[in-house]
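A.B. asks: What follows is each chain in one-letter form.
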Amino acid sequence: MQATTQPVFFKQGPKPFSLLLIYASLSLTLLVVDVRWQILQPVRETVSVALYPLQWLATAPISAAQQVGDYFVSQTALQRENRKLQDDKLLASSELMRLQALRQENTQLRALLSTRAAHQGKGTLTEVLYNDRDPFTAKLVVDRGESSGVRLGQVVIDPQGVVGQVTRLQPLTAEVTLISNKGHTVPVQVVRNGVRAVLYGLGPENPLEVHWMPLNADIRSDDVLVTSGIDGTYPPGLPVARVKRVDRNAGSAFARISCEPAADIDKHRFLLILDERRDQPARPVEQAAKPARRGAHKEPA
Amino acid sequence: MPVSSQLLKPVKRSFIVFTFIVALTLALIPWGPMVRAFLPDFVALTLLYWCMNQPRHVGVGWAFWLAMLLDIADGNVFGQHGLAYCATSWFVLGRHRQLGMFPLWQQALYVAPLLLANQLIMLLVRMATGSGFPGWSYFVGTLSGALLWPLLSQLLQAPQRVDKPAEIQS
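Protein sequence lines, in the order shown, are assigned to chains A and B.
The opening position of the first sequence corresponds to residue 1 in the working numbering, with each subsequent residue numbered one higher.
The opening position of the second sequence corresponds to residue 302 in the working numbering, with each subsequent residue numbered one higher.
Do not rely on the hints blindly, as some may be mistaken.
[What the hints assert, rightly or not] No farther apart than 30 Å at their CA atoms in a straight line, the calculated lysine-lysine pairs in the BS3-like style are these: (1) A:LYS267 with A:LYS122; (2) A:LYS84 with A:LYS122; (3) A:LYS267 with A:LYS244; (4) B:LYS310 with A:LYS122; (5) A:LYS15 with B:LYS310; (6) A:LYS89 with A:LYS267.
[What the hints assert, rightly or not] Computed footprint of chain B on chain A; a stretch qualifies when at least three of its residues, placed anywhere within it, have a C-beta under 8 Å from a C-beta of chain B: (7) 25-31; (8) 52-66.
Keep in mind that the hints were calculated from the coordinates and are not lab data.
On a predicted model such as this, the values are computed, not experimentally measured, just so you know.
The C-beta atom is built at its ideal place from N, Cα and C for all residues, glycine as well.
Same shape as in the complex, but just chain B (with noise of 0.2 Å):
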């Protein structure tokens, strides 16, 4: 179903503080590593979320500050999720009226491409300041984010949703 093909309420800005705050906090969990190799980067999939439904509130600008907090929140080097962050959210928000007409099955495959370059990215910067290759399983997150990109598409809309559909058909 189109996500564009229904009415919703307009967003209220502290929800999605609120859902970045949730998607962090994820990130944060100290999963072991079999579990984290599985687990997708759910900061990056919210962000493109936002992105695709609400680019007048979320653009690169949040990418980029996100992805801030995640380099000190990951120790990592900073502007390792500033780069992928910002590149794969302008690529969102220029197409953001055809990604929004696309069905939730389309929009994974869209999504699974992103998903991938921001790991691209990430794995570029990092093995050019030195790092090692982290292995293959470094790459499933993105599947698992692809897959997921629907169940969070429905969550994420939930509250935008009218309660009585019937009465705006009316």
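Here chain A stands alone, though its shape is the one from the complex (with noise of 0.2 Å):
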């Protein structure tokens, strides 16, 4: 009544109140429709497709700084993951190395135990311990010494033949003094015919070879020689070396005969020890000698 009378400039639309009351009793009745009979539910849906790209506006930011840090975390998980694997794989790699170590250390023990059988069981299986410090000789600590009952002038070989000599004994370890240790020497045999010869060390990194054979001696190159046994310290027909190379020089009076040794005496790290006592013919003379020259000794006083 009173809006009728209102100049139109201070024309405001409907009074509030009544606007409450319209848009009241619209939300009531859409909340009871909605409420009760749910059919409101297309509205719904063409509605929030309008709100879609404020919905968007809300969370992309949002959403984009988390697929950032999805980003930089994925990175350094990742890093942290590569890390690890590389760690592993070098652990596995470790593992593997130690493997085909232990494989190979197998196969060489099984062929030690075959060999201690063709020497009816006699021998001890040692492990060598350390190469000799000095440089100038060719010797190897091993893990058996007195106390293991190992003697002096025991052999010692690897399943392909002599590697040396127990030549020092301690209570825990030994020492044994290769092949190719300058100067020492093994009585052998070619294995073709039979021919006896010495074989000399000349120290290691060189080859064995051997002295004094005249030139027309019958030694070829890739003959095998074999221990003799005379000097009763090796048992006979262990092998010991390969012939490699026959140099008859006629400006020399013996052949120089160069051989490489049947074991890889720097090789391995188990070796077997010998345990062949030979029994030897005592010295009768010189101890029949001894009484008789003292007693000489002792008849012109």
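Since each chain comes alone in its own frame, lean on the hints to assemble the complex.
C.D. replies: Here it is in structure tokens:
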């Protein structure tokens, strides 16, 4: 009524209270309709499409930030994982290498076992502790000594052949002089024809040589030399070396015969100390001679 | 400082729409549950501000349609926000001349119960339609909204201010 008398300038549309009544009743109606009949779903869906840009605007920075965060998180995680995998790989490869070493060791041990069986089970399995510190000598220290029953002069072999000889004893360790040690001699025999010879070591890194053989001696390259057993230290028949080269120089009186050891003398970790005591005849002559000489000595006194 | 003591430029309708869009966007940001409990109802605050300061532009109709949008965006029952916003905006519209003279902190004191009423109406609607009580943290937003009122008023009024007050005085 008042609105009709008001000038147009002051016209503000319907009064707020009437608007409130209208919209509040509309709200209530919608509320009841929505709750009771759930028929407003299409409206909701349509309007929510219109709201989608706003929703995108609201969520885009956050999701972008999350994605960036994800990117960096996954970057660090990837790096960490990569590092861990590499560590694992390193570990695994070291394990693998150890496995290969163990496999080799195992085959060698089995070979030694069969060697020992071939020697009627006599022998002491031993492990190389270290090479002798002296670079001029070819010696090894093994982990069996006097307490294990090792004696001086025992022969040390590996599955392929003679390695050396026990030359020094300690309670728990023993020193093995290799056949390549300078001045070490092994009495040998050519398998092919039985020619006897003496094999000299010339020091580490040098080949073995057979000395004092005449130029016409029947030794060829690829001949296999085995111990002859003449000295009583080396049991007969153990492979020692293979002839590599024979130089027959007319200028010298003897042939120069180079050999390489049959055994891998500087490679293995496990060796076999042979326990083959060969009863040598005693030296009765000296024992008999000494009292006689003493007696002869006494006679003039 | 009372708002009415300043000489202000007329507001642009597009700015009002823009502020509502911003408020809606803020409401739509997926805050975590902890943050959401402390956040005020941005749309209600903006609505109350415009109802108080531009009653000829913004009224109960705006309140209703904004509330519809919020209901749809939140997936609530229709009319939950509508009832609350219509009631409070009507209340502010009836007293906008009086409220406009209050300093901002006093306005905030006035707005706080209105925001609380909003929450209460919505709570009643939800509980009437079978929802459970969401816990007392539901009302924390009222407090933060009242605290935010002076800042929001200054911010929304900024485009209307005259750049050089000295010129006006002369």
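A.B. asks: Taking 8 Å as the C-beta cutoff, is the stated coverage of the region 52-66 of chain A by chain B satisfied by three or more residues?
C.D. replies: holds (count 6)
A.B. asks: Has the given pair, LYS89 (chain A) with LYS267 (chain A), been kept, meaning a C-alpha gap of at most 30 Å?
C.D. replies: 29 Å, holds
A.B. asks: Against the 30 Å threshold, does the CA-CA distance of LYS310 (chain B) and LYS122 (chain A) hold or violate the hint?
C.D. replies: Violated, at about 117 Å.
A.B. asks: For LYS84 (chain A) and LYS122 (chain A), compute the direct alpha-carbon distance and say whether it is at most 30 Å.
C.D. replies: 51 Å, violated
A.B. asks: Check the hint pairing LYS267 (chain A) with LYS122 (chain A) against an upper bound of 30 Å on the C-alpha distance.
C.D. replies: 23 Å, holds
A.B. asks: Quick one: see if chain B covers the region 25-31 of chain A, three-plus residues with Cβ-Cβ under 8 Å.
C.D. replies: With 6 residues in contact (Cβ-Cβ under 8 Å with chain B), the coverage given for the region 25-31 of chain A holds.
A.B. asks: Has the given pair, LYS15 (chain A) with LYS310 (chain B), been kept, meaning a C-alpha gap of at most 30 Å?
C.D. replies: Measuring from Cα to Cα gives roughly 26 Å; hence the hint holds.
A.B. asks: Take a quick look at whether LYS267 (chain A) and LYS244 (chain A) sit within 30 Å of each other, Cα to Cα.
C.D. replies: Given that 30 Å is the threshold and the Cα spacing comes to 20 Å, the pair holds.
The structure does not agree with the numbered hints 2 and 4 stated previously, though it agrees with the rest.
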